[in-house]
Amino acid sequence: MRIVFAAACAVGMFAGGAALAQNAITDPECIAPAQPGGGFDLTCRVAQDGFSEVLSEPMKVSFLPGGSGAVAINQFNTTRTDDPNAIVAFSTGSLLNIVTGKFGEWTENDVRFVGTVGADFGAVVVRADSEWQNLDDLVATLKEDPTSVIFGSGGSVGSQDWMKGAILLDTVGLDAKTIRYVAFDGGGEAIAALLGGNTDVFFADMGEMTAHMDTGEMRILASLSPERLPAPFEEIPTAIEQGYDAEYTIMRGFYVGKNVSDEAYQEWIDVFRSAYENDHFNKVVAEKGLLKMQMAGDELNASIADRVDRLRGMAQRAGLIQ
Amino acid sequence: METVLSGLAGGFGVALHPFNLFLVLVGCFGGTLIGALPGIGPTNGVAILLPIAYGLGLPVESALILLAGIYYGAEYGGRISSILLNVPGDSGAVMTTLDGHPMAVNGEAGRALSLSAVASFIGGTFAVVLMSVFGPLLASYAISFSPADYVALMVFAFASLASLVGKDPLKTLIAALIGLMLATVGIDASTGIKRYDFGIPDILAGIDFLVVIIGLFGIGELLHLVEQQVTGRMSLLKLDKSFVSKADLLLTKWTIARGSVIGFFVGILPGTGASVASAVAYGTEKRLARDSEKFGTGDPRGLAAPESANNAAAGGAMVPMLTLGIPGSGTTAMLLGALLLFNVQPGPLMFQQRPEIAWGLIASMYIGNVALLVINLPLVGLFARMLTIPPRYLTPLIGVLAFVGVYAVIGNTFDLKLAIGLGIFGWILRKLDFQLAPVILGFVLGSLFENNLRRALSMSGGDWSILLESFDSQALYVLTALTIVIPVIVGRRRLRMAAQKQ
Amino acid sequence: MAERLFYGALFILTLGYLYFAFVTIKAPIQYDPLGPETWPRLLGLLMAVALAIRLVRPSGVAPDVARKTIIRLAVVAGFLLLYAILFQRLGFILSTWGFCSAVTWLLGTRPVKAVIFGAVVSTVTFFVFTDLLDLNLPGGLLEFLD
Chain A
5 MRIVFAAACA VGMFAGGAAL AQNAITDPEC IAPAQPGGGF DLTCRVAQDG FSEVLSEPMK
65 VSFLPGGSGA VAINQFNTTR TDDPNAIVAF STGSLLNIVT GKFGEWTEND VRFVGTVGAD
125 FGAVVVRADS EWQNLDDLVA TLKEDPTSVI FGSGGSVGSQ DWMKGAILLD TVGLDAKTIR
185 YVAFDGGGEA IAALLGGNTD VFFADMGEMT AHMDTGEMRI LASLSPERLP APFEEIPTAI
245 EQGYDAEYTI MRGFYVGKNV SDEAYQEWID VFRSAYENDH FNKVVAEKGL LKMQMAGDEL
305 NASIADRVDR LRGMAQRAGL IQ
Chain B
16 METVLSGLAG GFGVALHPFN LFLVLVGCFG GTLIGALPGI GPTNGVAILL PIAYGLGLPV
76 ESALILLAGI YYGAEYGGRI SSILLNVPGD SGAVMTTLDG HPMAVNGEAG RALSLSAVAS
136 FIGGTFAVVL MSVFGPLLAS YAISFSPADY VALMVFAFAS LASLVGKDPL KTLIAALIGL
196 MLATVGIDAS TGIKRYDFGI PDILAGIDFL VVIIGLFGIG ELLHLVEQQV TGRMSLLKLD
256 KSFVSKADLL LTKWTIARGS VIGFFVGILP GTGASVASAV AYGTEKRLAR DSEKFGTGDP
316 RGLAAPESAN NAAAGGAMVP MLTLGIPGSG TTAMLLGALL LFNVQPGPLM FQQRPEIAWG
376 LIASMYIGNV ALLVINLPLV GLFARMLTIP PRYLTPLIGV LAFVGVYAVI GNTFDLKLAI
436 GLGIFGWILR KLDFQLAPVI LGFVLGSLFE NNLRRALSMS GGDWSILLES FDSQALYVLT
496 ALTIVIPVIV GRRRLRMAAQ KQ
Chain C
3 MAERLFYGAL FILTLGYLYF AFVTIKAPIQ YDPLGPETWP RLLGLLMAVA LAIRLVRPSG
63 VAPDVARKTI IRLAVVAGFL LLYAILFQRL GFILSTWGFC SAVTWLLGTR PVKAVIFGAV
123 VSTVTFFVFT DLLDLNLPGG LLEFLD
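As given, the protein sequences belong to chains A, B and C, one line each in that order.
Following this note's numbering, the numbering of the first sequence begins with 5 at its first residue and continues without gaps.
Following this note's numbering, the numbering of the second sequence begins with 16 at its first residue and continues without gaps.
Following this note's numbering, the numbering of the third sequence begins with 3 at its first residue and continues without gaps.
Just chain A, with the same shape it has in the complex (with noise of 0.2 Å):
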């Protein structure tokens, strides 16, 4: 196995070139646990796309939709729970249903998270003709009358778009249950309410508005990142620089069943840690709208550990959970 390593650390110095041998991975899938077309294909899709110098088999994508999640999560702690080829993607929005119990009994100890492979950030979102230039202006109207503004995000109360909003409302010291939320069926429905005019504010992910940034018809008040993000965001102020403590980074990334060998589970390790160093998968990554955030193996496993207990923080203070 060290010598596994040590041939991954070679690919990843040599850059590019021949994908490292692979013993226990004999034919890679990637699980995207949605219907195709949203977030987690995309996730499998740059892993899929990404990883094609860097694995030795090309790898295919299957799709186990079903509770956001809950019913990959259930069969990897059933029938697949030893299944060295797959992994399957998750995302912050899966370790919030975790820490709100949505996925029943499973939790982030039962799985074995291998790497991320980019991040997403929210995004506080107004029509191009709305009287809010920027934070300050919309908490001074919320401040007056909590109910004058009127919100509304693709998902229900308690999802990762209404939690950006409680977090946001949070710094001002302003309670969620107070304001007007309206849930939508995806960012979709969400965007056409706001354009319509049925709903005021958007809380959406950046990587969504990418391709609605040169259309005039909507303003990013601001970008909920720890700091600015590149092109094409780089005029987009943070809550933080606005004076307002808010951020919510969705991570996208991978895990693996909890009783995959420790030999399986290293060498997936080392592919993200060679994709890493690998220019085609940053491409790719960059061209599928992510951000950079590469973790793999335990500096993840830390970093999951820390947010989860955030975002059962957070949870509680929205009054989500006792």
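Since the hints were derived computationally from the structure, they do not count as laboratory data.
Quick caveat, the model's predicted, so the values are computed rather than measured.
Careful: at least some of the hints might be erroneous.
[To be verified] Derived Cβ-Cβ restraints for the label pairs, each shown as a range:
1. A:E61 / B:G247: 54 to 62 Å
2. B:T18 / A:N27: 56 to 64 Å
3. C:V67 / B:R508: 38 to 46 Å
[Claimed, not checked] In silico SDA-like links for lysine to any residue, alpha-carbon gap of 25 Å or less:
4. C:K115 / B:T246
5. A:K262 / C:G141
6. C:K28 / A:T111
7. B:K268 / B:V385
8. B:K432 / C:I73
9. B:K256 / B:L388
10. C:K70 / B:R445
11. B:K432 / C:R74
12. A:K64 / C:V126
13. A:K147 / A:I183
14. B:K432 / B:K446
15. B:K446 / C:M3
16. A:K147 / A:D204
17. A:K181 / A:R316
18. C:K28 / B:R210
19. B:K209 / A:T104
20. B:K446 / B:P406
21. A:K181 / A:E251
22. A:K64 / C:T127
23. C:K70 / B:P405
24. C:K70 / B:I439
25. B:K309 / B:M512
26. A:K296 / A:Y280
27. A:K262 / A:R316
28. B:K209 / A:G190
29. B:K446 / B:N121
30. A:K262 / A:A309
31. C:K115 / B:L409
32. C:K70 / B:L412
33. C:K28 / A:T151
34. A:K147 / A:Q320
35. B:K309 / B:D183
36. A:K181 / C:I31
37. C:K28 / B:S475
[Stated by the list, open to error] A partial selection of chain C residues facing chain B, derived with a Cβ cut-off under 8 Å:
38. L45
39. A86
40. C102
Heads up, the beta-carbon is just placed ideally off N, CA and C, and yes, glycines get one too.
Using the hints, position chains B and C against chain A.
The following block gives chains B and C in isolation, referenced to the frame of chain A:
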């Protein structure tokens, strides 16, 4: 207008390339095959074939043209299972079974299949023409439609469905309620809490529509076939060579025209789509017909109305997707996802930045519609031959196709068992003279109704007057009142006239 | 009789449905006055009333299903269930082979013919669906054919 024409000309230049024409035909054929699986319509058909299209490594325009072929093929393939097997391909095809299947049973499978192809072609083409000319204008109207307006639309749709009521209104109500109650299973879309999931992760996101269709209709049909064979009531259908006639087209021309218009305008509204459109179109035709009792027994109008409407609606749903980048239906969400995989972002900018793709896609929809006719009309006889398979062989085949359909999409055996349970239930319902269409429509419209009602009330902070505020809502409630009142008045006048004659 | 039995069973299910709607379904945070519980309550109550009327005054449908037919149907339903259970474990080809042979045999085909039919259908459909249409079907015991 000029930009539209020059854009289209450029688009056709791309789409008419021999290789692309070949692709659209291949896609249409593959789509038809997969759409013919019970329960698999365009949404799942595109989802299933998308990875192949992606894996071929085609240039973007060609890949999109292939997808358009698959889409129209799957759309039509869904009709094949509706008409021949009484199993709708997707929610938009539920109404198609009402008169389509009786036609097949009456020995007119060929006529039904070919009429459906013609009606689909006209409805689809009408929608594409309107989309390419008035797209942007319509899009801004479509997005202004508020949750309260959707509530009014749902009230209108349910009122249109009242025409489905057979001799026993209470039974229709029970059937619709079964569908409505099944739709409440799973995570609540507004508050995110679980309802009726009983700790089963497979139904956490709700019962999949595909499973309901395959269970109630597919497995139900299988059991029905077994019963008929065991009791010796099954008679073998002879090969029918019937085909759509000029008289059929003359009879249904206004039906198709109305269906196309209704379908397109319902279709452009995000979130409603083909199921509402076909239900409203069917209800309208039945109400307008002087001999409405023929509907449901194999009336060509009862087939032409939903078929033109659901294809027009499918085209209408493209309007917000292409012009605004907003997917308005399951299928357009799928196509949007497909476009994103090819690094194409639909929306207003697509027409400026990548006109060859935007117009190429629209041109390929024109061609996809034509391909549907070209591929399917000659094959109608072949499809109709399916019914001449001896029933003892056809019966297990339906089971296999139903299982393949569920497993290919969901990849899990829990849903197979759920489909079997629903199938037994569906068989019992049929035995007790219940109609299945209200169950399905209740299931499809139920969550739309509940979610939009609650969205409207969240917007107003609980004030119910929001439901009557907009002009669109008011107009729809007036239409609803008319749909309920007019048949009563007309019926009374006819009675009075009949009395006077005597 | 059959009708009353059916309405009775549905009525009991509806009572269970209503129990959940009135007792357990509740959201910690909601923005609309209805919440997740009102719609199911409404549906359940309507259903209970409609069923109660029909329980008292059935529509008089009396399906004549002979005991023999019921038994055959139960056997087919059993085959379906077995097919579902074995679908993944044995894989598509073997389970489909068994299912098709069993049903055609039950419907009056000679055993040899039924087995041949099952074999042809299962292999042909498997390769058509997996190779031509790239569908995801379980290989099961015959995984190596994939």
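So, going through the hints one by one against the coordinates:
1. The hinted window of 54 to 62 Å between E61 of chain A and G247 of chain B holds, with their beta carbons roughly 56 Å apart.
2. T18 of chain B and N27 of chain A have their C-beta atoms about 59 Å apart, which keeps the hinted 56 to 64 Å range intact.
3. A hinted range of 38 to 46 Å holds for the C-beta pair V67 of chain C and R508 of chain B, which are about 44 Å apart.
4. Taking the CA atoms of K115 of chain C and T246 of chain B, the gap is near 22 Å; set against the 25 Å cutoff, the hint holds.
5. Only pairs whose Cα atoms come within 25 Å are accepted, and K262 of chain A paired with G141 of chain C is accepted, the gap being roughly 24 Å.
6. The hinted pair formed by K28 of chain C and T111 of chain A meets the criterion: a straight-line CA distance of about 23 Å does not exceed 25 Å.
7. Simply put, K268 of chain B and V385 of chain B have alpha-carbon atoms about 19 Å apart, close enough for the 25 Å limit, and the pair holds.
8. Distance hint between K432 of chain B and I73 of chain C is fulfilled; the C-alpha atoms sit about 20 Å from each other, no more than 25 Å.
9. For a cut-off of 25 Å, the pair hint linking K256 of chain B to L388 of chain B stands: about 18 Å separates their Cα positions.
10. For the proposed pair K70 of chain C and R445 of chain B, the alpha carbon gap of about 19 Å is at most 25 Å, so the pair holds.
11. Of the pairs offered as hints, the one joining K432 of chain B and R74 of chain C holds, with about 19 Å between alpha carbons and a cut-off of 25 Å not exceeded.
12. The hinted pair formed by K64 of chain A and V126 of chain C meets the criterion: a straight-line CA distance of about 24 Å does not exceed 25 Å.
13. Our distance criterion of 25 Å between C-alpha atoms is met by K147 of chain A and I183 of chain A, whose separation comes to about 11 Å.
14. Between the alpha carbons of K432 of chain B and K446 of chain B the distance comes to roughly 21 Å, so the proposed pair stays at or under 25 Å and holds.
15. Distance check on the hinted pair: K446 of chain B and M3 of chain C sit about 13 Å apart at the alpha-carbon level, within 25 Å; holds.
16. Distance restraint check for K147 of chain A and D204 of chain A: the Cα-Cα separation of roughly 16 Å lies within the 25 Å cut-off, and the hinted pair is therefore satisfied.
17. Restraint check for K181 of chain A and R316 of chain A: the C-alpha separation of about 18 Å stays at or below 25 Å, so the hint holds.
18. Annotation: proposed proximity of K28 of chain C to R210 of chain B holds, straight-line Cα distance about 9 Å (limit 25 Å).
19. A distance of roughly 11 Å separates the Cα atoms of K209 of chain B and T104 of chain A; the hinted pair therefore holds under the 25 Å criterion.
20. A threshold of 25 Å between alpha carbons decides the hint, and for K446 of chain B with P406 of chain B the separation of about 20 Å falls inside it, so the pair holds.
21. Of the pairs offered as hints, the one joining K181 of chain A and E251 of chain A holds, with about 20 Å between alpha carbons and a cut-off of 25 Å not exceeded.
22. For the hint linking K64 of chain A to T127 of chain C, the alpha-carbon distance of about 22 Å falls within 25 Å, and the restraint holds.
23. Between K70 of chain C and P405 of chain B the alpha-carbon distance is near 22 Å, which keeps this suggested pair within the 25 Å criterion.
24. A hinted pair counts as satisfied when its Cα atoms are at most 25 Å apart, and K70 of chain C with I439 of chain B qualifies at roughly 17 Å.
25. A C-alpha spacing of about 21 Å is found between K309 of chain B and M512 of chain B, which places the hinted pair at or below 25 Å, so the restraint holds.
26. Between K296 of chain A and Y280 of chain A, the direct Cα distance comes to roughly 10 Å. Compliance with the 25 Å bound is thereby established for this hinted pair.
27. Between K262 of chain A and R316 of chain A the alpha-carbon distance is near 22 Å, which keeps this suggested pair within the 25 Å criterion.
28. Restraint check for K209 of chain B and G190 of chain A: the C-alpha separation of about 18 Å stays at or below 25 Å, so the hint holds.
29. Restraint check for K446 of chain B and N121 of chain B: satisfied, since their Cα atoms lie roughly 21 Å apart, inside the 25 Å limit.
30. Among the hinted pairs, K262 of chain A with A309 of chain A is consistent with the structure: their alpha-carbon atoms are about 16 Å apart, no more than 25 Å.
31. With a C-alpha separation of about 15 Å, the suggested pairing of K115 of chain C with L409 of chain B holds against the 25 Å cut-off.
32. At most 25 Å may separate the alpha-carbon atoms for a hinted pair to count; K70 of chain C and L412 of chain B meet this at roughly 23 Å.
33. This hinted pair checks out: K28 of chain C and T151 of chain A have alpha carbons roughly 23 Å apart, not beyond 25 Å.
34. Distance restraint check for K147 of chain A and Q320 of chain A: the Cα-Cα separation of roughly 23 Å lies within the 25 Å cut-off, and the hinted pair is therefore satisfied.
35. Of the supplied pair hints, the one linking K309 of chain B and D183 of chain B holds, its CA atoms being roughly 17 Å apart against a limit of 25 Å.
36. Of the supplied pair hints, the one linking K181 of chain A and I31 of chain C holds, its CA atoms being roughly 7 Å apart against a limit of 25 Å.
37. Taking the CA atoms of K28 of chain C and S475 of chain B, the gap is about 21 Å. The hint holds against a cut of 25 Å.
38. Satisfaction of the interface hint for L45 of chain C is found here, the shortest Cβ-Cβ separation to chain B being roughly 5 Å, below the 8 Å cut-off.
39. Proximity of A86 of chain C to chain B holds as hinted, the smallest CB-CB distance being about 4 Å (cut-off 8 Å).
40. Restraint check, C102 of chain C versus chain B: the minimum CB separation of about 4 Å is within 8 Å; hint holds.
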